[in-house]
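Student: Below are the chains, spelled out letter by letter.
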Amino acid sequence: MSKVKYILGHFDDPDVMMSGIDKLQKSNISIEDVFTPFPIHGIENKLGVKRSRLPIAAFCFGITGTITAFTMIYYMLVVDWPMNIGGKPAFAFPDFIPVMFELTVLFAAYGMVFTFFYANHLFPGRAPRVMDLRATNDRFVIAIDASSNDINSVDSVLKEAGAIEIKHNERKYISYDEE
Amino acid sequence: MSSHSESIIREPLITGQAISYSQITEDVCAPVERMPSKAWWIGFSIAVAGLVLWLIAVSYTFWNGIGAWGLNKTVGWAWDITNFVWWVGIGHAGTLISAILLLFRQNWRNSINRSAEAMTIFAVICAASFIVAHMGRPWVAYWPLPLPNQFGSLWVNFNSPLVWDVFAISTYFSVSLVFWYTGLLPDIATIRDRAQGLRRRIYSIMSFGWNGSVKTWQRFETVSLILAGVSTPLVLSVHTIVSFDFATSVIPGWHTTIFPPYFVAGAIFSGFAMVLTLLLIARKVLGFENYITMAHIESMNKIIILTGSIVGVAYGTEFFIAWYSGVEYEQYAFINRATGPYWWAYWSMITCNVISPQLFWFKKIRTSVTATWILSIFVNIGMWFERFVIIVTSLHRDYLPSSWAMFYPTWVDVSIFIGSLGLFFTLFLLFLRVLPAIAMAEVKLLLKGSSEQSKRKLIEHGHVALPEGYDGSIEVTGSKN
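Line by line, the protein sequences give chains A and B. Our numbering numbers the first residue of the first sequence as 87 and each following residue consecutively. Our numbering numbers the first residue of the second sequence as 289 and each following residue consecutively.
Calculated directly from the structure, the hints in this document are not laboratory data. Yeah, the Cβ is synthetic: ideal placement off N, Cα and C, and Gly gets one too. Check the hints yourself; a few may be wrong.
Simulated DEER-style distance windows between Cβ atoms [as the list claims (entries may be wrong)]:
1) B:435 to A:134: 47 to 53 Å
2) A:164 to B:450: 39 to 45 Å
3) B:549 to A:180: 31 to 37 Å
4) B:351 to A:164: 40 to 46 Å
5) A:213 to B:575: 49 to 55 Å
Under 10 Å between C-beta atoms, here's a sample of chain B residues computed to sit facing chain A [as the list claims (entries may be wrong)]:
6) 501
7) 528
8) 569
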């Protein structure tokens, strides 16, 4: 039994799983992570996951885009080569706005998405750190570290909470290379 | 979300009795996991034939120059820009569904957003091909970019809407692509975890290592919301800027302030028509009737009535303002549209865009798959004519009667347009083969709250008090009354 690394409680219903989290927490069992096929709203608060700071990143990238666009256009049309177009001023700010807006959106979108990929270590070819294959299909999987908890009591709490399957994984993640 | 039950009065977004989470996975993955059907091969062959035609016609244009088209010195823009605006407009519905409807919390978008976004991306690719082709010398297509150059660094003119358009279209394409692909990650992971061998390897690379942990989903949702937030003004800006290409000129018929809202409404109008044209066939062939239900079709038809009516009012306003302006040339441009040599194009536009969508006021028509499909084709045709009318009829009789001319398309014009449809359908059919056409994760989210079975369960278990005279039946073919 000491070879068991992770205990996985499988649920087939997100609400049952949510009450399962409550029961585990009441029994002082710490939850490593939860893997679900779709986002479960409200789970962050239960597990004490902090609010994402990605919106701040998006704002910073966006404002960078605005400044980049303005600086670029200002340099090109006003500083480097001002053109006389019907005697109108070279610094025609309203005409700068469309491109400033587009670059704001472009920088915000790409900056935020790449920050997200970086923070979650998502990139093409990354070995998936998946504990159970059905967690991307129809199972809601609570993962519990076996070394810091008593396996038998975890099993009984999970069973009581309505887990339809309990797995004892000897490896942390599934190997995608075998098979 | 999962524990929240929606009112039984609202029409269910997932029909069927025994739908489970794994059933959704099975149904959505089936077209990707099985061998392609005969219908797919037939469609794909036709599409590739169109693609070949496109390659021939575009190559011919590049080799011979745009003299191969029917343009002349009076009509300098015709099918090229008509097709460009038509394709960009079609793309707009995808962003409306994925971004604007997300901000408005319209859950019915969940089962159609994936394919609509794919449509956006492929439509913008087709649109961009016309931009590059109409430049005549595609090998200098980088000239609209603000790059240091050999002309003493004479920069591009940022006062020009054509330069804004370069930025708008490329930003639109890039942001749509990243929005679409980020949304695909969890679904690609689902296919990965069901696949074996080489398929698993390929989908594993494409899944970026997605694992569905709490933090991943939390950030994913934040990213989706903010991308929706920035895409919403983006999509409005794109067609606004496309309309500026015309509106900032001094051509009678183009120089109007109504263009931005009118173009945006027209874009959404044509885009929803194309979504319906594609999805009505896809849902049947791929067996998605439980996920893309009559409620979805009806909702889209309602948007078509709304935007079609806005477009109709815009046509009327244009006429009124032309008269009211007192400008002779402006008045002539509009009289000439309706009664000049291109009268047939104008009245085709009015019939297809203003009259035919009004049929959707009849519930029988807007809940009929056949009628909807036929009318969606009408709208596609009408919106093509709209752009043709705006561009060609405004140009062909300019200020100087001695330079009046007609535009006649050559075989190259026609082939590039038909060929672009081939390009579009080739890409779309390949998409249906390799990627899930319905956002599984988002549809699963609705199963417990908004499905037919969950609502029936609520009634059976007596969780809801039925209003007097209501027998507890749930209408799934029609809509809420």
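Student: Would you settle whether the hint for residue 569 of chain B is holds or violated, based on the nearest Cβ-Cβ distance to chain A being less than 10 Å?
Tutor: violated, 27 Å
Student: With a cut-off of 10 Å on the beta carbons, see whether residue 528 of chain B makes it to chain A.
Tutor: Hint holds; residue 528 of chain B Cβ to chain A Cβ min 8 Å, cut 10 Å.
Student: Is 31 to 37 Å respected by the C-beta to C-beta distance linking residue 549 of chain B and residue 180 of chain A?
Tutor: violated, 19 Å
Student: Do the Cβ positions of residue 164 of chain A and residue 450 of chain B conform to the proposed distance bound of 39 to 45 Å?
Tutor: violated, 20 Å
Student: Between residue 213 of chain A and residue 575 of chain B, does the beta-carbon spacing fit 49 to 55 Å?
Tutor: Violated: the Cβ-Cβ distance is about 34 Å, outside 49 to 55 Å.
Student: Holds or violated: is there a CB of chain A closer than 10 Å to the CB of residue 501 of chain B?
Tutor: holds, 5 Å
Student: Note whether the CB distance of residue 351 of chain B and residue 164 of chain A lies within 40 to 46 Å or breaks it.
Tutor: Hint holds: Cβ distance 41 Å, inside 40 to 46 Å.
Student: Evaluate the given range 47 to 53 Å for the C-beta pair formed by residue 435 of chain B and residue 134 of chain A.
Tutor: The hinted range 47 to 53 Å holds for residue 435 of chain B and residue 134 of chain A, with Cβ atoms some 50 Å apart.
Violated hints, listed in ascending order, are 2, 3, 5 and 8; each of the other numbered hints is respected by the structure.
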